[in-house]
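Enquirer: Sequence:
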Amino acid sequence: MPKTPKLNGLAERMNHIIMERVRSMFSHAKLSNSYWVKAMLTVVYLINRFPSVPLNVDVPQRVWRGRIISYQRLRVFGCLAYMHVAKDQRSKLDNKSSHAYS
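First residue of the sequence shown: 51, per my numbering; consecutive thereafter.
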């Protein structure tokens with residue numbers, strides 16, 4: 051039923067958990083709110099790759115795909131990243147890279 055969130059408690063609880071983790075990531079990374087979509091996608095990605103009690107401490111992604119999960123793609127959210135500055139956009143003494151948080 052529309053506008054009756056109490057009838058779908060499980061989904062509402064998961065939405066609450068996701069948003070709490072997004073807030074925590076923002077607090078730690080000190081990013082602007084314009085990155086909220088990336089933060090939410092990161093939280094859902096992590097939830098699907100960590101052990102879950104309802105699955106007898108198995109990993110949801112492994113249960114769905116039937117494959118071993120690789121954790122090589124994990125990075126710190128909001129970490130310092132360097133961008134190359136093209137030759138035509140810098141002078142002889144300027145830095146060859148600039149940094150930003152991603």
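No lab work stands behind these hints, which were simulated from the structure alone. Backbone N, C-alpha and C fix where the C-beta goes; we use that ideal spot for every residue, glycine too. One should not assume that every hint holds.
Within a straight-line C-alpha distance of at most 30 angstroms, the following computed DSBU-like cross-link-like pairs (lysine-lysine) qualify [what the hints assert, rightly or not]:
| # | residue 1 | residue 2 |
| --- | --- | --- |
| 1 | Lys-56 | Lys-146 |
| 2 | Lys-142 | Lys-88 |
| 3 | Lys-56 | Lys-80 |
| 4 | Lys-80 | Lys-53 |
Restraint-style ranges between C-beta atoms, simulated for each label pair [claimed, not checked]:
| # | residue 1 | residue 2 | range |
| --- | --- | --- | --- |
| 5 | Pro-101 | Arg-125 | 17 to 23 angstroms |
| 6 | Ala-61 | Lys-146 | 46 to 52 angstroms |
| 7 | Arg-63 | Cys-129 | 17 to 23 angstroms |
| 8 | Met-133 | Trp-86 | 37 to 43 angstroms |
| 9 | Met-133 | Asn-58 | 55 to 61 angstroms |
| 10 | Pro-52 | Arg-115 | 30 to 36 angstroms |
Enquirer: What hint numbers does the structure not satisfy?
Expert: Numbers 1, 2, 3, 4, 7, 8 and 9 - these are the hints that the structure violates, sorted from lowest upward.
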